[in-house]
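Novice: What follows is the residue order along each chain.
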Amino acid sequence: MSWLGNILGGIFGAARGAQVGPSEADRQRSAEWQSALQARRLPSFVEARLAAAASGKVPWVATMSAAELGFARSKGIRPLAMVSGTCWYHYGQSWTHGHASGWHLALARLVQEARALGANAVVDVKMRKIELTIGDSMDFTLIGTAVRINGLPASEQPIVATVPALEFVRLLEADIVPVGIAIGAQFHYLSPGSDYSARRMEVGGSMFSNAVLPQLSQFWEGTRRAALKELHRDAQLQGNGVLAHTHLGQLMKIEQGNNVPPRFLGRHIVIGTVVQTERASGVPHDIRTVVDMRDELSPLANARATGHNAYPVSEEEGAI
Amino acid sequence: MSDLKDIPPHAIERLRGLRRAGHPGGIFTSDFSVNEFLLVRKAGFEPIGLCVGSCIYHVGIQYGSWNQNQELDVLSQAMYQARELAMARMREEATGMGADGIVGVELTVKRLEWDQHILEFMAIGTGVVHAKGHPGFKGPKEQPFTSDLSGQDFWTLLHAGYRPLEMVMGSCVYHVAHQGMMRSMRNVGQNTEMTNFSQALYDAREIAMERMQNEATEAGAEGVVGVDLHEGSHNWQPHVIEFFAVGTAVTPISTEQDASVIPDPQLVLSVNS
Chain A
1 MSWLGNILGG IFGAARGAQV GPSEADRQRS AEWQSALQAR RLPSFVEARL
51 AAAASGKVPW VATMSAAELG FARSKGIRPL AMVSGTCWYH YGQSWTHGHA
101 SGWHLALARL VQEARALGAN AVVDVKMRKI ELTIGDSMDF TLIGTAVRIN
151 GLPASEQPIV ATVPALEFVR LLEADIVPVG IAIGAQFHYL SPGSDYSARR
201 MEVGGSMFSN AVLPQLSQFW EGTRRAALKE LHRDAQLQGN GVLAHTHLGQ
251 LMKIEQGNNV PPRFLGRHIV IGTVVQTERA SGVPHDIRTV VDMRDELSPL
301 ANARATGHNA YPVSEEEGAI
Chain B
1001 MSDLKDIPPH AIERLRGLRR AGHPGGIFTS DFSVNEFLLV RKAGFEPIGL
1051 CVGSCIYHVG IQYGSWNQNQ ELDVLSQAMY QARELAMARM REEATGMGAD
1101 GIVGVELTVK RLEWDQHILE FMAIGTGVVH AKGHPGFKGP KEQPFTSDLS
1151 GQDFWTLLHA GYRPLEMVMG SCVYHVAHQG MMRSMRNVGQ NTEMTNFSQA
1201 LYDAREIAME RMQNEATEAG AEGVVGVDLH EGSHNWQPHV IEFFAVGTAV
1251 TPISTEQDAS VIPDPQLVLS VNS
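One line per chain: the protein sequences are A and B, in this order. Sequential numbering from 1 applies to the first sequence in the working numbering. Sequential numbering from 1001 applies to the second sequence in the working numbering.
Don't read these hints as lab results, they were simulated from the structure. Note that the coordinates shown come from a computational prediction; the quantities given were computed from them, not determined experimentally. Using N, Cα and C, we set each Cβ at its ideal position, and we do this for glycine too. Some hints here could point you the wrong way.
Not the full set, but computed from the structure, chain A residues with beta-carbon under 10 angstroms of chain B [unchecked claim]: (1) G98; (2) S101; (3) D139; (4) R224; (5) H247; (6) V270; (7) E278; (8) M293.
Derived list of chain A stretches under chain B, where covered just means 3 residues or more per stretch with a C-beta under 8 angstroms from a C-beta of chain B [stated by the list, open to error]: (9) 170 to 180; (10) 235 to 244.
Okay, derived cross-link-like pairs now, DSS-like style, lysine-lysine, Cα gap no bigger than 30 angstroms in a straight line [to be verified]: (11) K1042(B) <-> K253(A); (12) K126(A) <-> K1110(B); (13) K126(A) <-> K1042(B); (14) K75(A) <-> K229(A).
Okay, chain A solo, but in the shape it has when bound:
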């Protein structure tokens, strides 16, 4: 992890007297990053790289596989360059809302790079995070491949598609445009005096019996629904549907000391791909059922990894 050392060395370099300090060029670069991030624009060297990629002076860079490249090119879609947006965000006031803000900032930066390229879309956008926790903060990173579509002028607001190029083209054919990412993040507190406390205070036989905890159930369901509602609101600004691939919920008990009933914190984050589609527009492809004759793990049967690593998938929460 020498690169990590470099980053940390850059931040805490002063504390380590023995190390050689950053060069003048390094200093200039970091100063430029700082002013660019503050002014919500790109540093000149990034702009120069993107401009070179846009005009074809440097080779294009794509996360596509060879098959995807061929398929995309057959539909007039050309890769330009890999673009990314990163935001290391500190959640002081709220962990949950911090996640929403972090992703929104990273998204804005990704789109900024795509716009500088004169791209129409960014495909294969993946949500990533680095396994490194510094205090109450986390990094929010999006990477993807900016593409231009033959015959279209540069977009003021390039669309952000979390699907690989192959699926992107298939969706377009079916009149479905993946346009962006929507986030819903909500947290609520449930104050003392809940049915949970009441239940636990009871003694004797009732501890042995089954019971629904309606207040806690309602509270938790409410938190989840609030997050979904926010997802809905966020998506409405971009398209008319969401395919929500990421769900993360936690219900926590907060002890308040002896003789005081506990409080509860419920937090829920849901993230999805926003699509724009005409209702009931049908799917032009014929679908044929096939049986794969392979004995070993088939590429047809193999569930493809999404490439996102920002949240554990919901299946890990608990089996049936």
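With chain A's structure known, arrange chain B on it following the hints.
Specialist: Only chain B this time, still in chain A's reference frame:
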């Protein structure tokens, strides 16, 4: 723009950055993958909204006698009732949004780390409507149908001439008897079946399956597809196991299709590994 000939005009408009001011049909949420979404549409349905239901449940305490094979009915009831409640809440939401059914239902049980007697049950799935408003796809009692089949399996099921009715389930929490001292002594150095264990597992599985089957009969189903049998212990003592059977009860779309009408799958050998 000859390159874009296969792409519908709406999609090109959107790629140009043009957007409609409002969305007359409202906006839908779902947890479909891209492929599921395409296949559900291909099957003639449109997603309308994500339906969730949860239930936080205090599970009672019940001990089995040390040397008895027996069902722990308090626990069986708890596991069943809590799931049923979560499903009912989910179904209510679907009814509220006017769905014909719920596809891709996921049922999860989560133990909350701060209390060993409290379990969180959740049901989540995507509410769908028939795109042309066909009324014949509702579940029993004109309620939305429920199904744990994925979007892909949903398409395949409809093509096989069936439609889903209801997710059916059966649960049995069973205490497997401990072996007595004398019995263990007798078995030393012997290869022999431990019949009381065989019997216990058999019996418990049987009960769970039977309960699921009863539910299917009640729903008026012809059969149950995609049945999965789970064995699990939710932080109970050793020797206490839950057998949980779950599947989707189905019925023929009109009358049973003749076998010759159902398309034969093509055999392929993928070479792109």
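Novice: Hint by hint, which ones does the structure fall short of?
Specialist: Numbers 1, 2, 3, 11 and 14 - these are the hints that the structure violates, sorted from lowest upward.
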